[in-house]
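S.K.: Residues per chain are reported as follows:
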Amino acid sequence: MAERITDETIEYVGILAKLELSDEEKEQAKKDMTNMLNYIDKLNELDTDGVEPMSHVFPVNNVFREDVVTNGDERERILANAPAKKDGSFKVPKTVE
Amino acid sequence: MSKQYETVIGLEVHVELATKTKIFCGCSTEFGGAPNTHTCPVCTGMPGSLPVLNKQVVEYAMAVGLATNCKINQYCKFDRKNYFYPDNPQNYQISQLYLPICHDGGIEIETSAGKKVIGIHEIHMEEDAGKLVHDEWEDCSLVDFNRSGVPLIEIVSEPDMRSADEVIAYLDKLRLIIQYLGASDCKLQEGSMRADVNLSVREAGASEFGTRTEMKNLNSFKAIARAIEGERARQIELIEEGKKVIQETRRWDDNKEYSYAMRSKEDAQDYRYFPEPDLVPIVISDEWLERVKANQPELRDEKKLRYKKEYDIPEYDINILTSSKKLADIFENTIALCNKPKEVSNWLMVETMRLLKEEEKEPDDICFSPVNLAKLIGLIDEGAINRTVAKEVFEVIFREDADPEKYIEEKGLKTVNDEGALRSTIEEIVEANPQSVEDYHAGKTKAMGFLVGQTMKAMKGKADPGMVNKILLEILAE
Chain A
1 MAERITDETI EYVGILAKLE LSDEEKEQAK KDMTNMLNYI DKLNELDTDG VEPMSHVFPV
61 NNVFREDVVT NGDERERILA NAPAKKDGSF KVPKTVE
Chain B
98 MSKQYETVIG LEVHVELATK TKIFCGCSTE FGGAPNTHTC PVCTGMPGSL PVLNKQVVEY
158 AMAVGLATNC KINQYCKFDR KNYFYPDNPQ NYQISQLYLP ICHDGGIEIE TSAGKKVIGI
218 HEIHMEEDAG KLVHDEWEDC SLVDFNRSGV PLIEIVSEPD MRSADEVIAY LDKLRLIIQY
278 LGASDCKLQE GSMRADVNLS VREAGASEFG TRTEMKNLNS FKAIARAIEG ERARQIELIE
338 EGKKVIQETR RWDDNKEYSY AMRSKEDAQD YRYFPEPDLV PIVISDEWLE RVKANQPELR
398 DEKKLRYKKE YDIPEYDINI LTSSKKLADI FENTIALCNK PKEVSNWLMV ETMRLLKEEE
458 KEPDDICFSP VNLAKLIGLI DEGAINRTVA KEVFEVIFRE DADPEKYIEE KGLKTVNDEG
518 ALRSTIEEIV EANPQSVEDY HAGKTKAMGF LVGQTMKAMK GKADPGMVNK ILLEILAE
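If you're matching them up, the sequences are chains A and B in order. Numbered according to my numbering, the first sequence terminates at residue 97, and the numbering increases by one at each position without gaps. Numbered according to my numbering, the second sequence terminates at residue 575, and the numbering increases by one at each position without gaps.
The set of hints was computed from the structure by calculation and includes no laboratory data. It is possible that some hints are incorrect.
[Stated by the list, open to error] So, partial list: chain A residues that the calculated Cβ filter (under 7 Å) puts toward chain B:
(1) L21
(2) V63
(3) T70
(4) N71
Only a predicted model underlies this, so the values are computations on that prediction, with no experimental measurement involved. Built from N, CA and C at the ideal position, the CB exists for glycine as well.
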């Protein structure tokens, strides 16, 4: 069987996920992803003609909130775990588009 | 001969909805709070938090869709758009890709060549991102998530516009529809309405579209018009030089009147959309849809027709009075209080417009209440003040929303209706100006005007001119 996950694909997926992978990790990831695709092939053997694509397992619709303010100022707690903060804000490396 | 080019423009318009709370949590959407004081685990992307959809967002989106002649997807879902950026705490934005709530609509605009329909491809619901502030002292950025999770609708047009004028007409029409619905205040300057412009050029008569660019950072109608002209010229120049237009996102700098490439298609982001697993699908029943339809307020076009029928005022005035929801509301609410449509229209069309222009403000900035305008009209009507004084009082109403009854009381501006007091003043004036009396009797009518003027001066403008005339004639006839 042809190589389904190429080095380029692993490289690209790594960039999208902002992950730096060692060569060994790349090899492992290639194997894992190939296995996943093979599993999907197995599922593809099923005849799904006339079956609606499903995005949710439970037959539940329309879970809503009313438009009422229920949250107050929780800034201290929200910032409690921030690696860096300044002036009531999360501090991050300078980011300019 | 140089070639003729046609500009092809489509817009992506983001509108912040006027809900009290965010799209997926009970945090306030109020503008201007101290950084991160309107945040919670959901809108800061804390692990384990779960979004719950604000029903009002669905209703506003439906209302906008219906008002722009869209079809409503009665089964719709949210999807995840994945990307990394510090203003996006979850590392994904919850949006709609596969089944947006509204699709295939359009609105009619007026162009120099007549009416034209601009198609609307779709409208979808999504969440806004936080705000990045670049620190002045340190080499870092500060993130404020107060805006994170504020509900947005994105209105995607078809590439149906051909000039800056058509773009402005489309945006203005859209803005008025949404303002009339009360779904957003649509202020470009404040960012509650934002437009991205997709633009390409092609030789006149060509059937294929050229390569398009997308321009961001346009926060006024003027900036949009300038950006369109600038980008059209840039693309034509490239083509004439035999170069290629690159599909890319560009940022318009309105001060320099030039756009800069932000990112090109080559390093375009791969958003890896997939159905949002934390939110269940939305099923809009026929009953729900009918209810939203039945609750649609009167939109501008309908309002114009009704004004013409009910109030019998000129078309020009109707156009201006309905050009802002705020103005139309003040107009109608004042009429409800005093039942004098022409009088109300005059105060809005003449004095209000003059003062707005003087202070470089928009009708949306008007801050006086209909009650005070109605009171002013009542005071003129009962002869308590004359028109000159009324104009002066109106300026105070316009600036401070003053109560005209109290104001004229405090300033002693009330017309003197005490005939006795007025008569004695006039008698004094007549006595002090024997020459004018003589001139009057000699047939010089100008002398009468002089005496009236002197009386008004003595009364500090508070006399009713009709009454002054009447008494003066009586005295002179003696």
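S.K.: Hints first: check each against the structure and report whether it holds.
M.R.: Against the structure, the hints:
The beta carbon of L21(A) comes no nearer than 17 Å to any beta carbon in chain B, farther than 7 Å, and the hint placing it at the interface is violated. A cut of 7 Å between beta carbons decides the hint on V63(A): the least distance to chain B is about 5 Å, and the hint holds. Evaluation of the T70(A) hint against chain B yields a held restraint, the C-beta minimum of about 3 Å falling below 7 Å. Nearest Cβ of chain B to the Cβ of N71(A): about 5 Å, under the 7 Å cut. The hint holds.
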